[in-house]
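Protein chains in written order, with the numbering used here: chain A, 38 to 791; chain B, 27 to 107.
Everything labelled a hint here was simulated from the structure, so no lab data went into it.
Treat each hint with caution, since some may be false.
Derived lysine-lysine pairs resembling BS3-like cross-links, with alpha carbons at most 25 Å apart [said to hold, decoys possible]:
#, chain 1, residue 1, chain 2, residue 2
1, A, Lys202, B, Lys43
2, A, Lys255, A, Lys316
3, B, Lys43, A, Lys387
Values in this document were obtained by computation on a predicted structure and should not be read as measured data.
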Amino acid sequence: MNFDPGYAARTFKSVGTRPVRPDGVDKVTGRARYGADFNMAGQLVGSILRSPHAHARITHIDTSQAEKLPGVKAVITAADLPDLTGGNSDMYDILDNCMARTKALYDGHAVAAVAAIDAPTAAEALDLIEVTYEVLPHVTDVDEAMKASAPLLHETTFTGGVDPKPTHPSNIANRSQFGHGDVEAGFRDADVVIERAFKTEQTHQGYIEPHACVASVKTDGTGELWVCTQGHFVFRQQCAALLGMEVSKLRVTSSEIGGGFGGKTHIWAEPVALALSRKAGRPVKLVMSREEVFRASGPTSATSIDVRIGARKDGTITAASATLRYSCGPYTGPWAMLGAMTAFACYDLKNVKSVGYEVLVNRPKTAAYRAPSAPMAAFAVESVIDELALKIGMDPLDFRIRNAAKEGTQSSYGPVYGPIGIGPTLEAARNHPHMTAPLGRNQGRGLACGFWFNFGGQTCTDLNIGLDGTVTLAVGTVDVGGSRASLALVAAEELGIPYAQVQAVVADTATLGYNDMTDGSRGTFSTSMATISAARNAIAVMRQRAARMWDIPLDDVVWEDGHAKAKGEQHGNLSPLSVKDIATAAAKTGGPIAGHSELVADGAGVSFATHICDVEVDPETGATRVVRYTVVQDAGKAVHPTYVEGQYQGGAAQGIGWALNEEYVYGADGRLQNAGFLDYRVPVCSDLPMIDTQILEIPNPNHPYGVRGVGETSIVPPLGAIANAVSNAVGVRMTHIPMSPPRILAALEAEQAG
Amino acid sequence: MVEVRLWSSLSAAAGGKTTLDIQAKDIRELFRTLAEQYPGLEPFIAQGIAVSIDGVIYRDTWSKELPEGAEIFLLPRIAGG
Numbered sequence: 038m039n040f041d042p043g044y045a046a047r048t049f050k051s052v053g054t055r056p057v058r059p060d061g062v063d064k065v066t067g068r069a070r071y072g073a074d075f076n077m078a079g080q081l082v083g084s085i086l087r088s089p090h091a092h093a094r095i096t097h098i099d100t101s102q103a104e105k106l107p108g109v110k111a112v113i114t115a116a117d118l119p120d121l122t123g124g125n126s127d128m129y130d131i132l133d134n135c136m137a138r139t140k141a142l143y144d145g146h147a148v149a150a151v152a153a154i155d156a157p158t159a160a161e162a163l164d165l166i167e168v169t170y171e172v173l174p175h176v177t178d179v180d181e182a183m184k185a186s187a188p189l190l191h192e193t194t195f196t197g198g199v200d201p202k203p204t205h206p207s208n209i210a211n212r213s214q215f216g217h218g219d220v221e222a223g224f225r226d227a228d229v230v231i232e233r234a235f236k237t238e239q240t241h242q243g244y245i246e247p248h249a250c251v252a253s254v255k256t257d258g259t260g261e262l263w264v265c266t267q268g269h270f271v272f273r274q275q276c277a278a279l280l281g282m283e284v285s286k287l288r289v290t291s292s293e294i295g296g297g298f299g300g301k302t303h304i305w306a307e308p309v310a311l312a313l314s315r316k317a318g319r320p321v322k323l324v325m326s327r328e329e330v331f332r333a334s335g336p337t338s339a340t341s342i343d344v345r346i347g348a349r350k351d352g353t354i355t356a357a358s359a360t361l362r363y364s365c366g367p368y369t370g371p372w373a374m375l376g377a378m379t380a381f382a383c384y385d386l387k388n389v390k391s392v393g394y395e396v397l398v399n400r401p402k403t404a405a406y407r408a409p410s411a412p413m414a415a416f417a418v419e420s421v422i423d424e425l426a427l428k429i430g431m432d433p434l435d436f437r438i439r440n441a442a443k444e445g446t447q448s449s450y451g452p453v454y455g456p457i458g459i460g461p462t463l464e465a466a467r468n469h470p471h472m473t474a475p476l477g478r479n480q481g482r483g484l485a486c487g488f489w490f491n492f493g494g495q496t497c498t499d500l501n502i503g504l505d506g507t508v509t510l511a512v513g514t515v516d517v518g519g520s521r522a523s524l525a526l527v528a529a530e531e532l533g534i535p536y537a538q539v540q541a542v543v544a545d546t547a548t549l550g551y552n553d554m555t556d557g558s559r560g561t562f563s564t565s566m567a568t569i570s571a572a573r574n575a576i577a578v579m580r581q582r583a584a585r586m587w588d589i590p591l592d593d594v595v596w597e598d599g600h601a602k603a604k605g606e607q608h609g610n611l612s613p614l615s616v617k618d619i620a621t622a623a624a625k626t627g628g629p630i631a632g633h634s635e636l637v638a639d640g641a642g643v644s645f646a647t648h649i650c651d652v653e654v655d656p657e658t659g660a661t662r663v664v665r666y667t668v669v670q671d672a673g674k675a676v677h678p679t680y681v682e683g684q685y686q687g688g689a690a691q692g693i694g695w696a697l698n699e700e701y702v703y704g705a706d707g708r709l710q711n712a713g714f715l716d717y718r719v720p721v722c723s724d725l726p727m728i729d730t731q732i733l734e735i736p737n738p739n740h741p742y743g744v745r746g747v748g749e750t751s752i753v754p755p756l757g758a759i760a761n762a763v764s765n766a767v768g769v770r771m772t773h774i775p776m777s778p779p780r781i782l783a784a785l786e787a788e789q790a791g
Numbered sequence: 027m028v029e030v031r032l033w034s035s036l037s038a039a040a041g042g043k044t045t046l047d048i049q050a051k052d053i054r055e056l057f058r059t060l061a062e063q064y065p066g067l068e069p070f071i072a073q074g075i076a077v078s079i080d081g082v083i084y085r086d087t088w089s090k091e092l093p094e095g096a097e098i099f100l101l102p103r104i105a106g107g
């Protein structure tokens, strides 16, 4: 990488302003094209048959009657998606999740699919498929699944990360451990030790747009996929691998995205649509219903977490430990590990230990959800931090400041921190007027901190100068939160031209080099770095062209304020050349002008936030209303402050829903009971106060403008902040998320009963 | 020679050692040497290991140099949303 990503202080002209986003008008007028808005000539309707059982062996599938139905053009089962994974267990799990091979592992698991001329015919065909199941005992609760007596999802699962390797299979797929020091010695030094057990229920990312795609596989082995995704390049890799296609022969275009939050980093229905198209010889559109989205895509883990923290009366934490059990669905993942890594990351701890267990259950495959796994761990830890502070008679905010991690602290997950922002967010919270605002009757205030890693990754951009001097910026990260506006600002900043002169687009997989998934809060961080690099390369070309136009040495040409300028008194009569001047002459000076960049954007820098929340709890109904909410978070440099604030507010809003209402409810039969937005209640505008935000800008030393990712950290503190607020309002420590009215009433009644 | 610290699961695969002294000038050499000297680490390396250098996490940059005296910490490769 011939590019120095190091931070250099500068005065910005475009970055930090708030122009209108280029996709805004299309989105508010209905013109924007989402996953289901694309159509191909002759396309069929795809539909998936799903298991009604939580756990069942598939003994036979008879598709003959469905295949005979007029209008049905293809019926597929796992036999049409042969195992081409070559022993790659991760890919095999993805394949098995897309279409069950021998066992249905959760209510909603795909077992067959059809492509037909219209939706009624497809539905009728699904009814004609006869699946013979041998129903097996199931387990959906994370703690129950860990018991030796629990039904086994896989006979081949032996707990990893333990030595010696277990002799019996179990649903505990893996154990991980982090920490340092001697926690038992630390607890002996403590004056007060608080130990509590917590549970959080499974939630869905709740993106408004369901999964949708249009697939077309032609007889020459080439294919196209139009899809709603957070990473069309990764989708291409995975779909091509599962279908046995050459990567370059599958062209994937990402649609606009109506929310993803991690749930659209995984393929679900896309390989099925491609396989249907391949078999039918026609394009296939496959759109998941809301019920299918809930039953068969991306929930986060349900968890069971024990936390123990000890402190001296002077407010110093002496030891902290946690055991975290995270449900993974039927396939293992890194979820408990991430919880274990992040649980205590906000604090400077001499003795700390966290242990994570990945637990297999008969629920949909767990997917990433915005700072995956960190919110649940933070809820448990921040609850105990609050309780401990109050027990030793210290203000919870002061207690956090006293124990906050800082530069030089050995993090709980291992490395020593460089410059970090937890201290400044806490200080900003202390000085915020929210902290001293009076509270009313039945109201309580809570505070919590949160941490997320952030990362970068492989990134490629093209910056093309048009003949009229306008600029097209082609990027490969999906615009999940206004990044086209932000990246156009960055290009404008670097080139020294107005924002309106730059048009940013998301390129498809055939027209741009590979880009990693848009996750890990990396979209603006990584692609702005690549954009700066591409713009600097374009500037280098434009300087060369200006030198040719003037017929002077290249070294005499500098780039300032969007113009090539000839330096030196001998060139005093040469007027500066604008981008347009240079572009207009391009045909005669060497042809098209562009800047390209391919890089790995590492060094994202860790991220911290502090949230303050006021709630009011109705003691008769247990209903909770959030009356005030403030987010304080470090952005490094806010490229487009409105969209940074949007990320802060969005994370808080999702966290409020998670904390108060949202949960997967399973019946005794292992079937999901509330697969719809009527019964699974996400917060709507009338449920939320205006969420106040405060952006801190502590430059990231590993980005030219100091940018940090901001997309995920904002969902980490809300569960803890709201739990502390509710606990303070009702006088009872709340330990089970969501704190729905029945749970709050039950906690109050239990307290009154003594 | 750099001192490399391992997270606990990796430590178990390296015979219980929490710290290793490795002759490596960059991340690529580090992984190559680790795989040679500690075959138990190979599956982890194949799956993906992140390298923290003085607190900054690198996931993919083989050419990143390991400065003498820097804190080198190996971490699991993490997922994001």
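Under the criterion that the straight-line Cα-Cα distance not exceed 25 Å, is the pair Lys202/A, Lys43/B satisfied? Holds, because 18 Å separates the two Cα atoms, which is no more than 25 Å.
Please verify whether Lys43/B and Lys387/A have alpha carbons no more than 25 Å apart. With a Cα-Cα distance of about 20 Å, the restraint between Lys43/B and Lys387/A holds, given a limit of 25 Å.
Holds or violated: Lys255/A to Lys316/A, with C-alpha atoms at most 25 Å apart: Answer holds: Lys255/A to Lys316/A is near 10 Å, not above 25 Å.
Hint check: no violations occur; every hint is consistent with the structure.
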